[in-house]
Structures are given as structure tokens and as C-alpha cells.
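> Order-wise, the sequence lines are chains Z and X.
Numbers in the numbering used here are just positions in the first sequence, counted from 1, shifted up by 995.
Numbers in the numbering used here are just positions in the second sequence, counted from 1, shifted up by 270.
A couple of the hints might just be wrong.
Stated by the list, open to error - Some chain Z residues well away from chain X (every beta-carbon gap over 12 Å; in silico):
hint: 1; residue: Pro1006
hint: 2; residue: Arg1037
hint: 3; residue: Ala1053
hint: 4; residue: Pro1078
hint: 5; residue: Ser1172
hint: 6; residue: Leu1184
hint: 7; residue: Ser1202
hint: 8; residue: Phe1225
hint: 9; residue: Asp1234
hint: 10; residue: Leu1239
hint: 11; residue: Thr1240
hint: 12; residue: Pro1252
hint: 13; residue: His1253
hint: 14; residue: Leu1254
Unchecked claim - Covered stretches of chain Z (chain X as the covering partner; in silico rule of three or more C-beta atoms under 8 Å from a C-beta of chain X):
hint: 15; stretch: 1016-1027
hint: 16; stretch: 1039-1049
hint: 17; stretch: 1061-1068
hint: 18; stretch: 1122-1134
hint: 19; stretch: 1142-1154
hint: 20; stretch: 1157-1170
Unchecked claim - Which chain Z residues face chain X? A few, computed with CB under 10 Å, are given here:
hint: 21; residue: Leu1079
hint: 22; residue: Arg1173
hint: 23; residue: Tyr1210
Just so you know, the hints here were simulated from the structure itself, not pulled from any lab data.
Ideal placement from N, C-alpha and C gives every residue a C-beta, glycine not left out.
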Amino acid sequence: MHFDLSDAYRPRASFVHRLDPRTKVLCALLAIAALGVIPAGRWALFLVMGALIVGVAAGSRLGAGFAMKRAALALPFVLAALPLPFTTSGRTVFEVPLVGWAASDEGLTRLASLLVRTWLAAQAAILLTATTPFRDLLWALGALRLPRILVSTIGFMYRYLFVLADEAARMLQARSSRAARLGKKRPSLRWLGWTVGMMVGTLFLRSLERSDRVYAAMLSRGYDGRPLVFVQSEMRRADWWALLTTGLILAVLVVIPHLA
Amino acid sequence: MLFTPNALHIPDGFLTPFVSLVGWGLALILLLIAVRQTRRQLAERQVPVMGVMAAFIFAAQAVNFPVAAGTSGHLLGGALAAITLGPWAAALVMTAVIVVQGLIFQDGGLLAMGWNIINMGILTAFTGHLGYSIVQRLAGAGRAGRLAGAVAGAWASVEAGAIATSIELAASGTAPLALALPAMAGVHALIGIGEALITVGAVALLQASRPEVMGSAETAPGQKTASFVVLGLLMAMGVAVLSPIASSDPDGLQAVAGTQGFAVQAQGNGLGILPGYAFPLVQNPAVATMLAVAGGVSIVFAIAVILGRAASRRAAGRS
């Protein structure tokens, strides 16, 4: 039994895939930061950002729709911002019937801008992870000064993620094969929660024991506590050009609202 | 099924770049301390043990139980990790989980990740650990004390993460504190019950089958440092709620003050998750919620201590 845990990486032969991972991380972070700085309601600027992202998606041969669809996953969080139209002052656009809350034009603009920002930022992140193998991505984070130990821990986690997720899936399968569906007479939530806790505890012990075995195997192969890094990558001319172009476009987009 | 989006993962776009960068700065400082502390604790076992345990937390979040109407209860894991591995190791483990969720599953943003790490990694681990050790010390050592501590720690950890999230959203002008705080604190007071049940079940199993695991976590280094850090963070949260600077957005809190009638009305209309959750005497709903949460935490802790003491006395009488 396998969980559907597919890797986010989509191999293609494109110039975006060939860029240095550091370039891609920096460009994505700069784009997300720029999205945050563009003021609410500047739709033309958001449109340019969208075009930029679609351009990168097309250039990476993933297709323009690829990131757009997957980015919608980030949108349910918008629930947290739903009160915005009613709490921002401005010209009233409509009133909610029965309760009489007034939605202001300013608030609606802010909410819509928030949606666009989140959607575009998620697309930038998706393009980053779809064009960069996870191991290269981690290496880039390490090169950009995230603590090395943390980076190797994450790499380790990624390696055993699929193993332990399968272990959890087997436990769930075993549970449902022993206990039929919950019928009309449900057991109490307390009992259910406690039982799941026992399963989690079992999974904990199996994981801890596995980490012991893994460590012993590593020791026997000469591990001395230093992380081994196999990725080698150099900033080439294309990387500097990509950074420069992205930086310039974003800088222009960020400066424009302050010119008028 | 494996991947249930979590209300606490802030996506990009919801926090201003300035707020995001403050979060990353704070997270990096704490992570550097965590790396140093866990090196003392685990030496060269550090990477394999924490890597596999991070994968464990990720897998454990998939083990769920049906609650009602298609929703299911599952673990966040910060408190369990802190109780079993010690606070700093737990912070690193949870950080690895959040980074992987953000990078692979787009669960939470990249620029917002600093705060996600603080909310769900560092704060849940540290409040979980603090709650566990306070209640366990008061309720008495042994099985009953540990179980009572696990309940209190797990519940408090979820609540702390939720409150911190709503404060960060308010500081970015995304959601008014007067609404976000009561809603988040209310919903997560319920989610925290599920967290407490699963955590106490796991701790009970470990206590029965491998008590030395629990013992080794209790001697993990840096417990005092962790307590100072979490008290500092909690105090900062309290100050943020009380001060009008809570909103960097110039019209944010004024707008809230102007629409307070709306907030009060909203609770009456069933938008407020727990009607009467706020004290009637306090005007500002955010401050009222903080007081209510503080009261709720003390009640949960007191009940846990009393039950734990009674149970350990009974166990002592039997032996």
C-alpha cells in the first residue's frame, strides 16, 4: 500500500531546469517579496507579474496551466481574510441582507488583491519546486546560509518520508481490516483519540528503532557526523543574466507605484 | 488523505514582506541555538535521529480518526515531539516537517515560512514542553503525572500556535485581531482536545513499553533556555495584543475600533465560535479573548494537576 506522495519535481529539457538552484530560489523569493510590496488595486502591475510567471512556466515547458491549477490549493486560507471588506472603511458597495454588514469598495479591492497575490506567489513556489530536484533545492538553501545541520536533517527526512508514510498506511490498513466500519453505535471520541494515540506511539517506537539501525549502518560505512554533499553547481553566465533580468523587472514593478 | 491542509500554514501574500522578514530573522536565530543544543544532546547521531523522527511526525499526521461530517482528528505533533525528544530537538524536527510541507506540498508560503516555523515548530514544541513539565512537576512523577502533563502541554501548544498566527495576520493588516483572535482561539480550543487525546495515548504507550525513552527526554539539555524563550515569546504576544502597534497597517485597529459594534454583533449572530467566550466587562474582543484563553489554560492545567495527583496517589496506595 502506497500513499500518493509524488515528488514535486517534473523533469523537462528546458533552460529553466538547467539554471543553478540558487538562481531559482533567489528569483522565486524576490518575486514573492515583490508581490507583497505591490499595493492593493494596482491590477496592471499584478498582470505584468502574472505574465512574467506564465512566461517562466512556458519557458520551463511545463505548460502555462500547470502551476495555475496547483496554486489554487493555497486559496482556502483566504477564509482568514474574508472579514476585510466589512472592516475596511470606504464607500459601501453592498450590504449583506439580514445582518446588514456593509462591504466597502476599498475592502473588496484589498481582498481581491490578496487573492491574486497568494495565487501568484504559490505559482512562483510551484515553478521553483517543479523545475528543481529536491536535493538541489536543499543544497541551494544550505548555500544561502540556512544552518547546514538543518539542511541535512531535512534531506534525511525526505529520504525516509516515503518509508514511514507507507508504515503509517499499513497500520491504518491493519486497523480497518480488524475493525469494520463504524456503525450506528459509534465509540466515544475519547476512545477513538486514545486508540489513534496508541498507533502514533507504536509508529514513534518503530521510527526511533529505525533511526538506530540507520545510524549503525551509517557508522559502519564510515560516517563521522559530517554531512556529505554531492551536489555541485556553478553560477554560469545564464544564471547571472536570469538574476539580473528578474531583479530589474521586479525593481521597476516595485518602484512604479511610488513615482506618481 | 495523507495531506490535509492545515489552518495554521500561512501562505505567501497574507503577511507583508517586512513582517515576513522579521519572522525569518527570529526563526533563524532560534534555529541556530537549536542546532547547538541538539548537538550537545545527540552528538553525531543528530542528523539520522532527527531526520527519521521528522519523517515520523509527517507520517503520524496521516494517522487520523473520524470526528463528524467528514472531518477527522489528527496530530500536529509539536507537543509529542517535545515530550519525547526534548524541546530543542523537537523544534528542529518540526522545522524540517514545515519546510518539506512548504516546498513539496505548497502547504504554507516560502517568505511566510519563517513565521510558520515559529508558530508550528518552535512555539508548539516549547509551550508543549513547558505545559508538560509544569503540570508533571505539580501532579507528581510517574505515569499519572506524565499523562496529565501530556494533556496540558498538547492542548496549550495548539492554542499558542493559533494565537500567534492571528497576531501575525493582524500585524500585516490582513485580518482584524478583534475577529481573527476569537475565531482562531475558539476553533483551536476544540482542535486542541483531539491533539491532547492522541498525545496522551502515545505517551501512555511509550510509558508502558519503553519508559526509558520518556526519561531520556526529561534530561535533554537546554530545558531552562527553552522555557525562557517561550516565556519571552508569550509575553511578546501579550504585548502585541494589548498595544495598538499590533497593527502596522495605519487604519487597521482604528477601523476595528470603529466596527467593534460589528464584532460584538458577529458573535451574537453565530459567527463567534464560542458565544460568551469573551468576558462581558472587557470592551476589546482581542483582549477579552486573551483573558479568556489565559483563564482556559489555567483551568485545563488545574484539572490536569488535580486528576494527575489523584491518580498517582491511588497508584501509590495500590503498590
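> All hints are to be evaluated individually against the structure, with a verdict given for each.
The hints, checked one at a time:
Annotated as non-interface, Z/Pro1006 keeps its C-beta farther than 12 Å from every C-beta of chain X; the closest such distance is 16 Å. Distance check for Z/Arg1037 against chain X: the nearest CB is about 14 Å away, which clears 12 Å, and the non-interface claim stands. At the 12 Å boundary, the C-beta of Z/Ala1053 stays outside the reach of chain X, the nearest C-beta of that chain being 20 Å off. Not every C-beta of chain X lies more than 12 Å from that of Z/Pro1078, the closest at about 5 Å, which undercuts listing it as non-interface.
Consistency note on Z/Ser1172: stated as away from chain X, and its beta-carbon is indeed over 12 Å from all of that chain's, at 15 Å minimum. For Z/Leu1184, the requirement that its beta carbon stay farther than 12 Å from each beta carbon of chain X is not met, with the minimum near 7 Å. Against the 12 Å criterion, Z/Ser1202 falls within the reach of chain X, whose nearest CB is about 4 Å from its own CB. With a least beta-carbon separation of about 15 Å from chain X, Z/Phe1225 lies farther than 12 Å from that chain, consistent with its non-interface assignment.
The non-interface label for Z/Asp1234 is consistent with chain X: the shortest C-beta to C-beta separation is roughly 19 Å, beyond 12 Å. Every CB of chain X is more than 12 Å from the CB of Z/Leu1239 (nearest about 21 Å), matching its label as outside the interface. Non-interface call for Z/Thr1240 relative to chain X: holds, since the shortest CB-CB distance, roughly 20 Å, exceeds 12 Å. Residue placement check: Z/Pro1252 keeps its beta carbon more than 12 Å from all beta carbons of chain X (closest about 14 Å).
Against chain X, the non-interface label of Z/His1253 holds: every CB pair exceeds 12 Å, the least being about 15 Å. Against the 12 Å criterion, Z/Leu1254 stays outside the reach of chain X, whose nearest CB is about 20 Å from its own CB. With 3 residues carrying a beta carbon less than 8 Å from a beta carbon of chain X, the stretch 1016-1027 of chain Z meets the three-residue requirement, and the given coverage holds. Coverage of the stretch 1039-1049 of chain Z by chain X is violated. Counting CB-CB distances below 8 Å, 0 residues qualify, and the rule asks for three or more.
Against chain X, the stretch 1061-1068 of chain Z contributes 3 residues with a C-beta closer than 8 Å to a partner C-beta. That satisfies the three-residue criterion, and the hint holds. Residues of the stretch 1122-1134 of chain Z with a Cβ under 8 Å from some Cβ of chain X number 4, which satisfies the need for three, so the listed coverage holds. Check result for the stretch 1142-1154 of chain Z against chain X: holds, 11 residues qualifying (beta carbon to beta carbon below 8 Å, three or more required). Here the stretch 1157-1170 of chain Z counts 8 residues with a CB under 8 Å from a CB of chain X, which clears the bar of 3, and the coverage holds.
Because the beta carbon of Z/Leu1079 sits about 7 Å from the nearest beta carbon in chain X, less than 10 Å, this interface hint is met. For Z/Arg1173, the interface hint is violated, since its Cβ never comes within 10 Å of a Cβ in chain X; the closest pair sits about 15 Å apart. Interface hint at Z/Tyr1210: satisfied, since its Cβ lies 4 Å from the closest Cβ of chain X, which is below the 10 Å cut-off.
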